[in-house]
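Asker: Below, each chain spelled out in residue letters.
Number of protein chains: 2
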Amino acid sequence: MSKAVVVLSGGMDSVTLLHRIRKEGFEPLPITFFYGQKHATREIGFARYWADKFGVRHEVVDLGSLTQLLQSSALVDIGQEVPEGHYAAENMKATVVPNRNMIMLSIATAYAVDQKAEMVATGVHGGDHDIYPDCRPNFVNAAEKAAQLGNEGFANDPFYFYAPYIMQRKEDIALDGEALGVDWTVTWSCYKGGELHCGKCGTCVERKEAFELAKVKDPTDYEDRRVDIPGLGVSVKKGLLDG
Amino acid sequence: MSKAVVVLSGGMDSVTLLHRIRKEGFEPLPITFFYGQKHATREIGFARYWADKFGVRHEVVDLGSLTQLLQSSALVDIGQEVPEGHYAAENMKATVVPNRNMIMLSIATAYAVDQKAEMVATGVHGGDHDIYPDCRPNFVNAAEKAAQLGNEGFANDPFYFYAPYIMQRKEDIALDGEALGVDWTVTWSCYKGGELHCGKCGTCVERKEAFELAKVKDPTDYEDRRVDIPGLGVSVKKGLLDG
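Same order as they appear, the protein sequences are chains A and B.
Using our numbering, read the first sequence as starting at 1 and increasing by one per residue.
Using our numbering, read the second sequence as starting at 1 and increasing by one per residue.
These aren't lab readings, by the way, just hints derived from the structure by calculation.
A few of these clues could be false.
Claimed, not checked - Simulated pairs of lysine to aspartate or glutamate, DMTMM-like, Cα-Cα distance not exceeding 20 Å: (1) Lys208/A x Glu178/A; (2) Lys116/B x Asp130/B; (3) Lys192/A x Glu152/A; (4) Lys145/A x Glu152/B; (5) Lys145/B x Asp62/A; (6) Lys200/A x Glu178/A.
All of these numbers come straight from a predicted model, not from anything done at the bench.
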């Protein structure tokens, strides 16, 4: 069985990708990166869940030393607020981690070469293009070329990057995942990394929108959709009391 | 003053490069990688020496978590012997760390974007081409393209990779370094990482050869050029007793 290294964050895109890779007959080798992101614990925990569920080895690469190096991103700087609003809006640029995908794809490639895997799979999609230049097709193609040339004679032949959603929208991923039977409650999007999805940050807004546009039932328990029960000091998921 | 991120290993190539960058009027930002290499302590110590000497900030990135991921290289596997012989020979393939340069260039690029540096400088040279595909011009060009596209709108404009020795030989670097006044005794090549340069591993052989071909005096104290003093149980650098 051919091997496929899968960059797995634990979000809905990469979890759907993992299901797709397995369905296409590859042995998935998921790899997850810690780079100081605030939502690390939730992301990595959900990534591990899927690796265990599929019975495959899960590699977690600690790039924590990059947090000191890269001070400019709100995703890794604990003193900076994660911005709220629409995912594609200008203020979301604060969530850009410089060159994140090239770093992750480079390390995933090293692992793929070591394992003689046929591909490195990434869940980047069209909705990422506005804000994140390292999610655009021209970047992924150039990085694939570099990875092929830089490992000539050592990588599996063939060796390539697989980005099936790169020209699609996130709602297409929601549809694909639904068809593949993904359990969405075990996927994490929120950049804030609290107990529940906040419902307000860029990725939460994008997640809600994807389910709505795809007309796929969104089972996520969002903080901002909870309602307080008067006098009890607790909240419940909206709709839960409606029966 | 324009900034230049310099991938600095502490070897003769990158130390010469650091001198060149400074001479060309850039503010050098040296960055050194630990990836489990056996010769790390010597390399990193010498890199730090030069950063201190030039009065610039020195970043050391700990990629130690990659050693677990990448089991196939003799440079990072403590159970595997570093091969001896000529640098360009077939058995030197054991010293290939998969995709090492793409990983280092990717992280150096992230740092450069964060610092608005104009370039990432790397000391790769023609002598590396035979064994290491990630030191060849086609790879460096492709990686540069990926780095430019992946950071569009975030990187300094212009932003590029600078590899002045990529079409030259190591003896050209010895000549350039000599002209730039490099103190060779504070550069480290040996892959084995002992107290002295072993004189027998691929990079030691290459180092000796570079000085010889360039007709530059080699001040290195090689283990295999020492002579025992009979009866004393100690050795001295060959030639030292000749006066």
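Asker: Give a verdict on every hint.
Answerer: These are the hints, each one checked on the structure:
no., hint, in the structure
1, Lys208/A x Glu178/A, "holds (15 Å)"
2, Lys116/B x Asp130/B, "violated (34 Å)"
3, Lys192/A x Glu152/A, "violated (40 Å)"
4, Lys145/A x Glu152/B, "holds (18 Å)"
5, Lys145/B x Asp62/A, "violated (26 Å)"
6, Lys200/A x Glu178/A, "violated (23 Å)"
Hints 2, 3, 5 and 6, counting from the list given before, are not met by this structure.
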